[in-house]
Every structure is written in C-alpha cells, then in structure tokens.
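For this one, chain A is given, so just place chain B on it according to the hints.
These protein sequences, in sequence, are chains A and B. Going by the numbering used here, the first sequence opens with residue 1, and the numbers climb by one from there. Going by the numbering used here, the second sequence opens with residue 1, and the numbers climb by one from there.
Just so you know, the hints here were simulated from the structure itself, not pulled from any lab data. Ideal Cβ positions, reconstructed from N, Cα and C, are used throughout, including at glycine. The hints are all genuine.
Estimated spans, in silico, between C-beta atoms of each pair:
1) R49(B) with K225(A): 37 to 43 angstroms
2) D234(B) with A123(A): 50 to 56 angstroms
3) S44(A) with E188(B): 53 to 59 angstroms
4) G149(A) with D234(B): 40 to 46 angstroms
5) T60(A) with K318(B): 53 to 59 angstroms
6) D335(A) with A31(B): 52 to 58 angstroms
7) D335(B) with A123(A): 56 to 62 angstroms
Letter by letter, the chains look like this.
There are 2 protein chains.
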Amino acid sequence: MALIVQKYGGTSVGSPERIKNVARRVAKFKAQGHQVVVAVSAMSGETNRLIALAKEIQTTPDPRELDVIVSTGEQVTIGLLAMALQAEGLQARSYTGSQVKILTDSAHTKARILSIDEQNIRADLANDYVVVVAGFQGVDEHGNITTLGRGGSDTTGVALAAALRADECQIYTDVDGVYTTDPRVVPEARRLKSITFEEMLEMASLGSKVLQIRSVEFAGKYKVKLRVLSSFLDEPGEGTLITFEENTMEQAIISGIAFNRDEAKITVIGVPDKPGIAYQILGPVSDANIDVDMIIQNVGTDGTTDFSFTVNRSEFAKAMDILKNQVQPHIGARDVVGDNKTAKVSVVGVGMRSHVGIASKMFRTLAEEGINIQMISTSEIKISVVIDEKYLELAVRVLHKAFDLDQEDA
Amino acid sequence: MALIVQKYGGTSVGSPERIKNVARRVAKFKAQGHQVVVAVSAMSGETNRLIALAKEIQTTPDPRELDVIVSTGEQVTIGLLAMALQAEGLQARSYTGSQVKILTDSAHTKARILSIDEQNIRADLANDYVVVVAGFQGVDEHGNITTLGRGGSDTTGVALAAALRADECQIYTDVDGVYTTDPRVVPEARRLKSITFEEMLEMASLGSKVLQIRSVEFAGKYKVKLRVLSSFLDEPGEGTLITFEENTMEQAIISGIAFNRDEAKITVIGVPDKPGIAYQILGPVSDANIDVDMIIQNVGTDGTTDFSFTVNRSEFAKAMDILKNQVQPHIGARDVVGDNKTAKVSVVGVGMRSHVGIASKMFRTLAEEGINIQMISTSEIKISVVIDEKYLELAVRVLHKAFDLDQEDA
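Chain A with its partners taken away, still in its complex shape (with noise of 0.2 angstroms):
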C-alpha cells in the first residue's frame, strides 16, 4: 500500500465527462489498496472567465480581491471531484486551500506556501477517505485567501506530497512524460523513462512547459519522487520520472534538447565597466516589468564593455525604448542594438558534468550546418546558444542525432 498524491490540471477535470474519468482513474488506485490524495486545477478556461469578470470592474484588479474571486475556480471543481468519487462508490471529502490549511505568505496573485497542516487529511486517509484538495490556493496568517500563481496547482500537490511524506506525486498532464526535444520538430523524439530534476529544472525553464519551475524546485527540496503521465490515456503507462538521485553509471550524457523561439536579443554596447553597472542597465527593465533570460557580460578591454541580454518577444519593443531612452544617456553608453528574430537552444543534460567536450562538439554540430552563434550561455549542466530564429529547426535536429538522443538509453 503506498501513498500517492495526484495532480490533475484544468484540461483534465475540463468538463463534468472528464471529472468522470479522473474519478475513475482514482478508483483504480483505491482498488489497488493505496492512499489517495488529489489535487486540483480549476476547470479550464474558468480562471480566464473570472479574471477578465474582475477586469471588467478595475483595469488593474485589486490583488486580494482578485484572488477571492480567482479561487473559486478550484473550489468548484474539488467539490465536483468529490462527488464524482462518492459517485464511483468511494469516500470523498474536499478542502479548499484554507480548510487544509495551506498557509502562505501575504504575495497575493503569487504567494509561496510557508507549511501545510496534514492533520485533517491524515484522519480522513486513515478512514478510507480520498482527499481532494483545491490547487493553486492557500491563507495567508491574518486568513486572507491566497493565490501560488499560474500553474501553482503543481506546486499544490508536491507541497502536499511532501508534508505526507507521499510514496509519489504524479502529475496527470495532456502529455505522456518528458521528451528528448519536442517532438513536432524531431519525430524520432523519444519519452524518457527518468530525468534528474536539476535537469528537469534546466529543461522547464527552457521552454519545455510540462511542469511548473517552482513546483520542481520543491521537489527537489523535499525529495519528492515525481512522476509525469498522461490524464488522456486509458492507461496512463509509466510516464516520465523525476529523480532526485543521480546516476551517473546509467545516466546518458545528455537527456534533452530544449529551446524557445520567443527570444529577442538586446546589446548595449560600449557601457563603461564599472561598478554597478549591470544593475543600472537592468533595474529600468525588470521596474517595467520586464522578465530577462540570459544575461552575458564580457570582461572589458578598453574601460568599456558591450553587455547582452534577451527578452521575450513581446516586450522586445519596450525593453528597447527603455534602453535607448533611459539607460543609455544616463550612463553614457556608445549605443544600444536589438534584434528580435532570434531563438535559443540548449542541450541539458547531468552527464556533462562529467564529460568534456560537449560545447565543442555542439559548437561543431551547428558549424557544420553553417549556424552562426550569437551568444552563448552555460550552467554545470546546459549549454544554451542564441542563433538566427530560421535555423531553430535544423539546430534541434542536428543537436538531437549528434547526441544519439534517437537511441534507447540502457
């Protein structure tokens, strides 16, 4: 008998059909003699439905408020669940992040979960119950109603996996596990049987949109054994695993390609090189709100400095007048250049810890095929180029055989 805490977003409990299946699915659990917890998302599109419902009274909602009426979502749904359960001849209780209780900070619209109190739901486990709990959500200390953000519901059920000390936290998604790159782009794509989450973390933030960064990252921090598999599948397989062990004897040297097509790239040029001056050319830009990936600064030679960075698309136009506007004449930088047609791609993969040459042989691959590099960005287990954006395509397929990522892994 095991411990499991399932997580099912808003397409999967999508409509009263589906809540169906997830109730279904659950019971099989149930039969199987283990302990079930689930949480959820709201139904999909309904969060969209009570944001713009809220946009219609104030352009910029009040966060507390908002937040009130942005979690209703979930509560709606963990009460269907349950009585889809109940339905199914099961016995189900829900509680609303509050009546868990999921405490929080006081961020609104982005709050971080501080402690879970596990008391309620390890009664009602213990009494045979399926708990059912509202993702996304939690109360702050005064009692106030919190929101974890977009895709918090991830977060949700690792942080619950984790206060219960769960056997594992499967993450029911639209997609059968992790991929080798996406498979659109490169059919011979393969599902991963386990990725180690320092690579799953590397992998998220790069694109590959199967698990939220921070509910990964608690994963990690807890030691939560995570599981991604399909909600869609009759039978849902093995999914992908998320391990926080490294096996270095097994461990492919490298498990994924990731990339982002939405990059744009900006470059002050001539910037003096002194103290500070990274905050003075950022700090305008992250107060516009403006979200930065990649940042590179080379060591000067004559005083001066050229300093890059890339952006999202959509916020290419701003960040340039931000730039040439503000930045530029205030610390007396020669210029500002930008191009907006330019993609990123990395190969992520633990094994390159321990194996040299990997940027070369990436640099190689790409040179072959007459790719330039733009910039180039690595951490102890990626190496991420920006190159021209019509390239991306040939780069992720290239990248994929040269590494053997086509070959079943041992």
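Showing chain B alone in chain A's frame:
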C-alpha cells in the same frame, strides 16, 4: 453618523455594470458620513448554473460538497463589489462567511446561523473601510462551508445588523417596498410606509415574496430595524419600514391583501375522531417532503370528522396518491377528495386584534360577489379563505376596496 447594513440580491448584482451601480450607491451613503456593511448574493443565474453542474455529476448532490460549490457564487460577487468600491475611491475589503466568521450548525444547504464574530468587521469600519460580506453562507464548528438555503442572503444581512447593532438593515430588491396587495391585480395598490413584523411574516408566508421569512423572524427576534428598498431606482426613496413596535394609534386596521394562486385542497372524509389521527394523515405526506400549508379539522359529531389541508399545486398528484393508497386504507377513512383549482386570499393586519367584525366584513364582501368560501383559517392578525381559483382577482380587488386600502393612511 449611522451604521447601516445593506443587502443586495442576485439581480441587483447581476452584471459588472449593476455591481458598479451598487458601489455608487454605497459611496453616497459613505459621503453622508455613514458606516456601511454590504451583504451580497451570487450574480443572478450563477447559483442555478452551479447546481446544474453538480447535478451533471450526481443526480442528488452530496450536501456538503454542494455547499462547497454553490458558495463560490457569493465569493465571486464580494470580490467584484470590493473592487468596484475601490474604483469609487473607497477603501473596501471582502469577507466570505468563513472569514467573518459566521458560525452555523452543520445542516448543509439549510444551515442556521449560531453566532457572528464581528471583531474584524468592527476593526475595518473603524479604519473607514466598507465591509463586503458574502451572503447565504457560513462555516460550521469543524470548518465545513455551509449555506443557509435559498434567499439566505437576507438572513445574512439581518444577522449582521443584529450582531453589529446596526442602526438599520436595508434590503435592496426589485420592488420599492411592500404593497397593500399585488399592483398587477389591483392598480390602486399602495406602497406601505411601514408594516409590523408580524404582518410582514403573514404577508411573506402568503406569497408576497419580498423578503425571506427567516430573515423577518430574525429581525423580529433581535429587534433589527428593517427597510425594503428598490435597487433599481436612482433615488430609492424611503421604501417600507418593517417596525418592531406596534403603534395601534396610527395603525390601519388592515395592512394588506395577500394571496396565493398555487393552492390545491385535499379533504379526507370520514376520519375516525381519535388521538393521533392528524399525524397518521400528515406524517406520510411530510415524509414525502410535501409542504402542507393550511390545515383544518372540524369537531366531529358521529365519531368521525373531515380533515382538510392545502398543498402546493405541483405536489397535488403526489399527495393524492399517498392519501388514497397509503393513508386511507390504513386509517379507515371513508373517502379522499381533492381540488387543484383553488386559491387562497388573506387579509392581514395587526389592527384586527382590537377590531371586531373584520371577518364578517370579509365574508360579506365575498358573498356579495357570489364567491363561495371553501375553507377558512384564522390567526390573530390574518384571516385566510380558500376559494375557486377563477374568482381570485375579483376577490382581491373587492377586498382591497372594502378595507379602504386604496386610501392614503395617516
């Protein structure tokens, strides 16, 4: 400066535009220096939508889970109204029933309020906040979400006014007050400036559906000054004040004519006149969840008696079936006869206590029009008769005129 509790129903908050109207009205009261607490219903249609969703999962939804789902309707409204108040430049904060906390018993879908913790609300009022509270809902001692049943938002408003010892509880609705009778039947019907609680109770239970009965009982018990006003007029006027004190000096003898079209009459003939017989007749009816309205039993003469009662017309067939097939053979009654083409007309007024002859005037007025009276039932402040449905409008008109209800009162 007064402390006012205002309650707005589903149609008054039925769209973002109407919610903004409510906010503007509250702002006017604030500008006059008053403290305002607002209780709101779900947006019109929302509760029905949620119940229909639940019934897609379970034909008879689990009451605890149904409350979890349905309570989200008011939760959305409080967030939206708090935002709309902020958009009017006011400070505002929303509370669910659980956040307040409005403690109820555990009778899901028809819970009763046990107590209200008014500390947070008082603190907010002291800090110049408008407080917005979800109507219709509460929380039991175990932290389960409960609802008060349909129309329970009125009860929430009155209960808040009682707990806060508010100067007035204003119920905004789609009519501008309580009328002497339905203006659609009698164009001369007048809005009453005031009506006593007891009269209001009789008027409400007789089909003048301006206020929930329970909220009026509650107001009477806690001596809350209750006022019915229109939420659709720019200047709602003074509406109708529901008074706790009787002022017999100025009180008109009769306040109004109430009526109910959907009555069906059932008579059990030749019932053995012995103890327990009423229960043997009505027990099975009640077990089938059929509400019984008037009940009449005459003194028996030959050891048997006739026992009559009325039910809602929609339940007539079901009730007849129970009586014919279960009750009659069991108690040995001679026959069961019924008529579902009847209606009930009542004259209501505290003044009739000290005035003889009201009943005889009522009966004479009906007789002069050739309207036969089938059943009579009286209380201290009302006289009800059951008549053939086809005479209903005529009866209401002639009684309205006979008791001078079209004349302005002092």
